[in-house]
Each structure stands twice: as C-alpha cells, then as structure tokens.
Amino acid sequence: MSLIHEIDFGTPKSKSETMVTLTIDGNQITVPEGTSIMRAAMEAGTQIPKLCATDMVDAFGSCRLCLVEIEGRAGTPASCTTPVMPGLVVHTQSERLKKLRKGVMELYISDHPLDCLTCAANGDCELQDMAGAVGLRDVRYGYEGENHVFAKSHGYENDNWMPKDESNPYFTYDPSKCIVCSRCVRACEEVQGTFALTISGRGFDSRVSPGMNEGFLGSECVSCGACVQACPTATLTEKSVIEIGQPEHSVVTTCAYCGVGCAFKAEMRGEEVVRMVPWKDGKANRGHSCVKGRFAWGYTTHKERILKPMIRERIEDPWQEVSWDEALNFAAAKFRSIQQKYGRDAVGGITSSRCTNEETYLVQKLIRAGFGNNNVDTCARVCHSPTGYGLSQTFGTSAGTQDFDSVEDTDVVLIIGANPASAHPVFASRLKKRLRQGARLIVIDPRRTEMVESPHVKALHLPLMPGTNVAVVTALAHVIVTESLVNETFVRERCDWSEFEEWAAFVAQEKYSPEATAIMTGVDPKDLREAARIYATGGNGAIYYGLGVTEHSQGSTTVIAIANLAMATGNIGRPGVGVNPLRGQNNVQGSCDMGSFPHELPGYRHIAGDAVREQFEAMWNVKLNNEPGLRIPNMFDAAIEGSFMGLYVQGEDILQSDPNTKHVVAALSAMECVIVHDLFLNETANYAHVFLPGSTFLEKDGTFTNAERRIQRVRKVMTPLNGYADWEVTIMLGKAMGFEMNYTHPSEIMDEIAALTPTFAGVSYARLDELGSVQWPCNEKAPEGTPVMHIGGFVRGKGKFILTEYIATDERTGPRYPLLLTTGRILSQYNVGAQTRRTENVVWHAEDRLEIHPHDAEQRGVRDGDWVRLASRAGETTLRAEITDRVAPGVVYTTFHHPDTQANVITTDFSDWATNCPEYKVTAVQISPSNGPSDWQKAYDEQARHSRRIAPVVEAAE
Numbered sequence: 001m002s003l004i005h006e007i008d009f010g011t012p013k014s015k016s017e018t019m020v021t022l023t024i025d026g027n028q029i030t031v032p033e034g035t036s037i038m039r040a041a042m043e044a045g046t047q048i049p050k051l052c053a054t055d056m057v058d059a060f061g062s063c064r065l066c067l068v069e070i071e072g073r074a075g076t077p078a079s080c081t082t083p084v085m086p087g088l089v090v091h092t093q094s095e096r097l098k099k100l101r102k103g104v105m106e107l108y109i110s111d112h113p114l115d116c117l118t119c120a121a122n123g124d125c126e127l128q129d130m131a132g133a134v135g136l137r138d139v140r141y142g143y144e145g146e147n148h149v150f151a152k153s154h155g156y157e158n159d160n161w162m163p164k165d166e167s168n169p170y171f172t173y174d175p176s177k178c179i180v181c182s183r184c185v186r187a188c189e190e191v192q193g194t195f196a197l198t199i200s201g202r203g204f205d206s207r208v209s210p211g212m213n214e215g216f217l218g219s220e221c222v223s224c225g226a227c228v229q230a231c232p233t234a235t236l237t238e239k240s241v242i243e244i245g246q247p248e249h250s251v252v253t254t255c256a257y258c259g260v261g262c263a264f265k266a267e268m269r270g271e272e273v274v275r276m277v278p279w280k281d282g283k284a285n286r287g288h289s290c291v292k293g294r295f296a297w298g299y300t301t302h303k304e305r306i307l308k309p310m311i312r313e314r315i316e317d318p319w320q321e322v323s324w325d326e327a328l329n330f331a332a333a334k335f336r337s338i339q340q341k342y343g344r345d346a347v348g349g350i351t352s353s354r355c356t357n358e359e360t361y362l363v364q365k366l367i368r369a370g371f372g373n374n375n376v377d378t379c380a381r382v383c384h385s386p387t388g389y390g391l392s393q394t395f396g397t398s399a400g401t402q403d404f405d406s407v408e409d410t411d412v413v414l415i416i417g418a419n420p421a422s423a424h425p426v427f428a429s430r431l432k433k434r435l436r437q438g439a440r441l442i443v444i445d446p447r448r449t450e451m452v453e454s455p456h457v458k459a460l461h462l463p464l465m466p467g468t469n470v471a472v473v474t475a476l477a478h479v480i481v482t483e484s485l486v487n488e489t490f491v492r493e494r495c496d497w498s499e500f501e502e503w504a505a506f507v508a509q510e511k512y513s514p515e516a517t518a519i520m521t522g523v524d525p526k527d528l529r530e531a532a533r534i535y536a537t538g539g540n541g542a543i544y545y546g547l548g549v550t551e552h553s554q555g556s557t558t559v560i561a562i563a564n565l566a567m568a569t570g571n572i573g574r575p576g577v578g579v580n581p582l583r584g585q586n587n588v589q590g591s592c593d594m595g596s597f598p599h600e601l602p603g604y605r606h607i608a609g610d611a612v613r614e615q616f617e618a619m620w621n622v623k624l625n626n627e628p629g630l631r632i633p634n635m636f637d638a639a640i641e642g643s644f645m646g647l648y649v650q651g652e653d654i655l656q657s658d659p660n661t662k663h664v665v666a667a668l669s670a671m672e673c674v675i676v677h678d679l680f681l682n683e684t685a686n687y688a689h690v691f692l693p694g695s696t697f698l699e700k701d702g703t704f705t706n707a708e709r710r711i712q713r714v715r716k717v718m719t720p721l722n723g724y725a726d727w728e729v730t731i732m733l734g735k736a737m738g739f740e741m742n743y744t745h746p747s748e749i750m751d752e753i754a755a756l757t758p759t760f761a762g763v764s765y766a767r768l769d770e771l772g773s774v775q776w777p778c779n780e781k782a783p784e785g786t787p788v789m790h791i792g793g794f795v796r797g798k799g800k801f802i803l804t805e806y807i808a809t810d811e812r813t814g815p816r817y818p819l820l821l822t823t824g825r826i827l828s829q830y831n832v833g834a835q836t837r838r839t840e841n842v843v844w845h846a847e848d849r850l851e852i853h854p855h856d857a858e859q860r861g862v863r864d865g866d867w868v869r870l871a872s873r874a875g876e877t878t879l880r881a882e883i884t885d886r887v888a889p890g891v892v893y894t895t896f897h898h899p900d901t902q903a904n905v906i907t908t909d910f911s912d913w914a915t916n917c918p919e920y921k922v923t924a925v926q927i928s929p930s931n932g933p934s935d936w937q938k939a940y941d942e943q944a945r946h947s948r949r950i951a952p953v954v955e956a957a958e
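According to my numbering, the residues represented by the sequence shown are 1 to 958, in order.
Derived by calculation from the structure, the hints in this document are not laboratory data. A hint or two may mislead.
[To be verified] Derived pair list, reagent style DMTMM-like, types lysine to aspartate or glutamate, alpha-carbon separation capped at 25 Å:
(1) K164 to E95
(2) K280 to E770
(3) K280 to E144
(4) K623 to E748
(5) K511 to E493
(6) K735 to E770
(7) K239 to D129
(8) K662 to D935
(9) K102 to E71
(10) K152 to E166
(11) K99 to E144
(12) K239 to E272
(13) K938 to E882
(14) K458 to D496
(15) K511 to E530
(16) K280 to E530
(17) K164 to E144
Since the model is a prediction, treat every value here as computed from it, not as a measurement.
Please work from the sequences and hints to get the whole structure.
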C-alpha cells in the first residue's frame, strides 16, 4: 500500500459544454470553455509551478509562480487566471519564465524559516516542492532586514513575529511560516462558507487572521479543516502530524458520523491513523469535511472503550470479564431459556444505524431466522420512520429523491425542521455556496437557526410554533392552489388527477388560509404567502427536511403534505428539485433498506407477502414467521407487562435516545437478559446482562448508505482492538444459538443482499470499487445507479395526493407547563455523544444547555448561566440556561448529547399516528431556578456508577 495522491489541477473544472482547442508546449489540447490554462496544461500532463492556486477554490493569481508565455501577447500572464481561447499557443517553460520564477521563490524563501528537516510538513510541503521545481539553489536576500521568522532581531523584540497559535485542539497556526497565499482564507469563504479568516494588514504587514486577530479557538472558525487542507506549507498543520509524522499509506473509507456520508482518505503509519483527509472524488462531500469527520476519530482508541466481553447475572452485580465463547454461550443460554419459558416471541433485537449494511442485514436475519420471530426494529423508528411511510404512500419509495449535487441546480430551497449547518454541515456548505450565487432560501423552524442568517445569506424565516407543521405546509398549499400557481401540466401527466382535485378543494378551504392558521402557527400570513409564491414560481424548488418534521404526532402527515407540495408545483423528477430527508446517522437509510422494521424484509417488502418470504426462506433455508413483530415502543410495553424478556441491542443507546427515560428504565429493568453490543458502557448497558465489545468503522469492511441513497465502501484500516468486526460477532452469537451463518467476508453478505433485494441487484464490492459509489436503485435498468428518482414517472405509477388535516397534538401547554420544549443537535457533537464526548470536541460543547428567550427568563428570575429546573408531565431534570433570542417567547430548546442531562426524561410517550415515531419536538414544560442536579439525576448517576463496576480479574494461583 502507498499514499493515494490526488491530482490538484489548480483551478476548478469548467461546466461548459462548448469545447476549445489550443496548443500547450507543442501539443494540441481540447478542453471545456472557461478552463484555465493551468488546468488545461495539467490535464495534458504538464504541471505549471503554483502556490496560491488549488482546484478547490477559484483562481486568485497572487503568487506569480504560474506565469506562462502566449504567442502574440505581451507579458507573462498567470496561467491560473487566464482562460483558454481557441488557437492559443502557450509556452510553460522558457529562459525568461525560469528567471522570473526563481526570483519569486527567492522572495518567498527570504521570509520563511529554513527548518525543513524538523518541520512537520517535511515531505508534504508545496513550498519545498516548488523550490525544487523552479531549480532554486541559493537565495540572494538574507534575514538582515525585516522578517516574520524570528522572535528577536538584532537583539530586540521583533514586532513582526507572532507566536504559534495552539488554541485549537486539532491543528496549529504558525504565522512565521505563512506565505500569505490566501488559500486558507478562500477555502473558508468558498468551500466552507464561514468567512472566519481574513488577511489583516497590507503589504509586508499582511497576515492571516482568524476574526479580529483572535485565536482560532475563540474565533468563528468551525474547525472543518478546509484551511488546513488548503495550506501549502506548515502554517496550518494537524497536531497529529506534528506528533506522529507524515503518513506512509492511505485507504479510502466513509465517515461514520452523520447521513451526508463523506468519503475520506485514512492516512496511516502502520495501523495508526495520522489524519483523515476528505477525498476529492467522494461524490457526497466533494473534498470537504466537518470537525467530526475530519478530526473526531480519537474515540477509536479512547481509554474507556471496552475490549473484552463481560457478563453478569443481575444488573446490580459488577461486570465480569470473560472469553468470547463464555459470553456468547451465556447469552445464547439466557435467550433459549427465555423462549422456553415465555414463548418464541419473548425476545428480539434492535439494529444499528451506525453499523454497516452488512452487519444490519445479519442482525435482522438472526432475529427472523434464528430467534424465529420478526421482533426487529431500528433507531429510524424514533427519527425517520414517518419519511418511509409518507414518501412510500405518495411517491412509492421510502427515500429522498435527489443526490447532493442536485443543489447546484436549485433556485429555491425550502428547509423545514432541519438545521444542516449543525447536523449536516458539509451539505450545508454546498447549499450556502449555491445561496451565495443567488438561490433563494426559506426556513420553517421554531428557532432562528444558523441557516437563517449566515455570511451573504439571509433567509425568509417562518418561525412557527412547535407542533404546527401540518398547518403551515397546508397553508402554503392553500396559497398555491387559490392563486393558481399549480403546475397543472405536471399534475395531469404525472399524478392522479381526481385525487389532486379532491386535495385542491380541501386545501382551498378558508380555514387553511395563512390568515386563519396564523392563530395556531404564529406565522405572519404575509411572510407565508410570500414563501409560497417564491417556492411555486422561483424556478427549481427543492425541499430539505429533518427531524423537526418527523418527530411529531403528525410526522407522517407532514411528510405527505411536503410531497403534495412538491407534486403540485412540479418540483419532482429532475436535477435541482425534489423532496430530500436529511438523515441523522451515517447508515440510518441503510438500516431501513436492510429490513430493520418488524413488518418489512430488505428492500421494503412486507413480511406477509408469500412470494417475497419464500425467496428468503429458500436462501436462508428456514421457515419465516409471516406476522409482523414488535416495534420498539411495543417491546418496552410488553417487557413491563412481562411477555418480552430478552433484547439484543447493536450499536444504539436506547436509554439515552428514546423518549420518556423512566419508561425505558422500567422496561429494561423488567427484562431477564439485555445484550448490549457497543464500543463503550453506554447508558443502556447500565441495565444489561451481557456486553459484547463492538468495532469502529476503522476496523471493518462493509458499506454505508447515506441520505441520498448512496452506497459507499467502508474499508478496514486497522485490526479490531476487540478482536472481531461486528458482523463476525453477530455470526458467532447466531452459532451459539444454533443458527449457522457462513460468510468469510462482508462482500459475500452484500452478494446475498443483492440476490434478494431488487433495488440492490446491481450492487457488489467490485462495482463499488469501480465506480466509487452507487445510488440505489442499482439494477439492470440502472446499472450505475439512480442519482435522481422519479424521472418521467413515479415508482408507484401516478403520484398520489393525500389529504392532510391538521390535528393538534395532545401535548398541550397550560398553567402548570406554559412553555414548549423542542430539541436538536449542535455541530461539534453527534447523537447521544458516545463518540464525540470522547474526543477533543468537548471543548466546544461540554454540556447541554437550555436556550430560553430573554422575556421568559426575566419572568422566572433566570440569568444567563444559571441552573434551572426543566419539568414536564413525564419528569424533570436540571441544566444551565442560555438566554438568547434565537428562540421565540414561549419556546425553549436544548440538545441531548450529554447523559448527565438526560433530556429525554422530559419527553413524553406521544408519537406519530402511523409509525410510533416519538414526539420529541413538542413537550409542554415549566422552567424555574434550581441549585443543581435534581434528585432524579443524582439517583440516576448513582445507579450508573454502581452498574459500571468491573470486577478485578483474579489470576489463578500457580
């Protein structure tokens, strides 16, 4: 193995379809119009020296190294800023160019430390490379004059020198090595869209500055790593590179955080990760990253990771470390005993949205074929199950319609109940770039999120009251129908016209007008009407939504309403439009695809279908139960009732992530055997009897499927520290229970998935290695996948309009609980925080805080940073307050990343009518001053510490 070197063409690729032919160094070259001479030369195999140019950002033309000569033109223009033209004759090397380039390099080197042998960038420094490329052998200018290199000059303090900034936990900034090429500044602006960096000063005083000469940690920098990646010297360097050294080989793999599915090069020394570098050929991220994927992988080797299997008879007992065989046999015996005592249906399992497709497939296979029932569910139950239901009813598929590239063709973006800047930051950067180019943005959210207002972007914000999504979306439809903004041609051709007419008459009723619904939604009717007109008439309109849509009692209804809106305006079936759920976890789409719901086999086919079930029975050589199994909430209820007594949980922390924590505690406490298969002793493990150590994404082969249906390879870069990949552990558990599954590599599991799942029929590891990734459906009709769905027609045939009547949630405010709590995520943390809390990301978010409006805080005597009691009908907790006008009066907001807070002790059992997705986003609460943790928190913490005891290993006497 060796390092994967990606070609840097110097300037971005032109999208023009018009071709231009020119001559470079005697060779004719044909490239798209708008291509720079630098890129054209590089495509032909000629590398023109450069320092300020890189193909991730637009041409800048400041370094003056990339000069060329053009016949018939005076001077030596910069090749990065000079576009190709028909018939140009370009020379990239001549005596004059050599002399000019050497002179430029001398000037750079004259104000740069010559510590190459001890520099962290030694072997990976473009300045070093370019010095060699131009043939620099000596420098005529010394350090006698002004410089930025030394702290002292001629015995005096050097005012031009600046100390190294090591405030950021992941990288350093050494101003003495900066050549002021502006690549980092432009990457922050053009790629990330944060505009956190600038060039302060002029001339010799110019230098890169985070904010107003702040440290990186205290600035607006979001630590995405774009500046570090762009830097051609050691000015911005990963601390891991400084500590370990330069990597010697790399492997392309897929990030294990959010649903964007960024592709990375894991750059290694032996089995040690040196750094994760975003891969430019990754079709989801196009070479960009966020702080989590780029830097927060240290949890893999964290000291709290559990590497040995453990068992115990009672949850009050300390854990005992045992061998794999002993743990698996103990678990199997417990499950067999439960089934003999309570019946075949008394056990079940929960698949992981953080594990691979292959691992998820095996867990549901083990449950259906090994346990003999369909009691399998997944975390999608508590996040995007309404997406599956709503989109399958209206369009015929249970997934988003577009690829992420589609946003480049969008004219109007409607974001509902999502905050991509925090939860899907790499996609947010691509979206913000399109918005800076002129696309319009509408945000429907109770909170003023980071998307509402960012540099050079201002959205039309509709700050609705939590729980009124259906009323708002139906009011948008009312405007579109009553103002004759419907795309009638599309609807007649592509949808059921009679159903549309019924729907149009329904939404046209006066009670659904913006003016009539304003009393419950709180949205200004004028703004809502403007939003409807912009979406319907502004060109290509794309809808992106998240958990703020699905995690409601009417989650499925809102998804259907969104689909109705897209069909009515014709915004389906081409690039730049569509209905796009932003999936929360790295493989939540894949876990659904793999048959993790109790009523569906892989590929979303119902378990009751005889023909489908027979295919699986023939492949698995076992008879399958045709009755749908229990959903997660049903499992909890049945456990408390005494009929569901065994649970296998792979890679999910249901105690922290599921609603009404007290109810979950009661359910887990009632079970006779809970098997937790994970990396750490998470909150669920407090109530477990068996702990099976899991493996990280760096320790396994497999695939993830992201939010755009993109299937990508996950590649093993190190030996599993626990001894086995997760797919191997599931196979061993099945064997212990008497159910054999014979695979030697995850590629064989994918082959079985492809044989049984029509949408995956063309997927194989060979195909993925060849194409990089594919988007399902991938089959004979679409051998290279399907970037955009529903082109020319819907999967179900005709698009189906469904009536969406607004029904207020049963969770109401009142005198005792007058405020509404809604929840969400923050950029630096992920899900329940099990991974990110064990990285340096805690420097940005060390605790969950409660956002409260100044008016509500003043009424309750709460000051910023005060401890407050947050109470609901379900329970109470305490946390510190953050006073902000990001939330409206009457609304409070918190995150759920820290178990110390246990925010879900507040949330209730109300759920979506169709899927049982919990109503996390609407909880009636009261806020009052507090002196610290509640009695419940103290008792919970005591139980957790007691439960996590691990008995010392007693060595046998000789």
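Which of the stated hints cannot be reconciled with the structure, identified by number in ascending sequence? Of the numbered hints given earlier, those the structure breaks are 1, 3, 5, 6, 14 and 16, listed in rising order.
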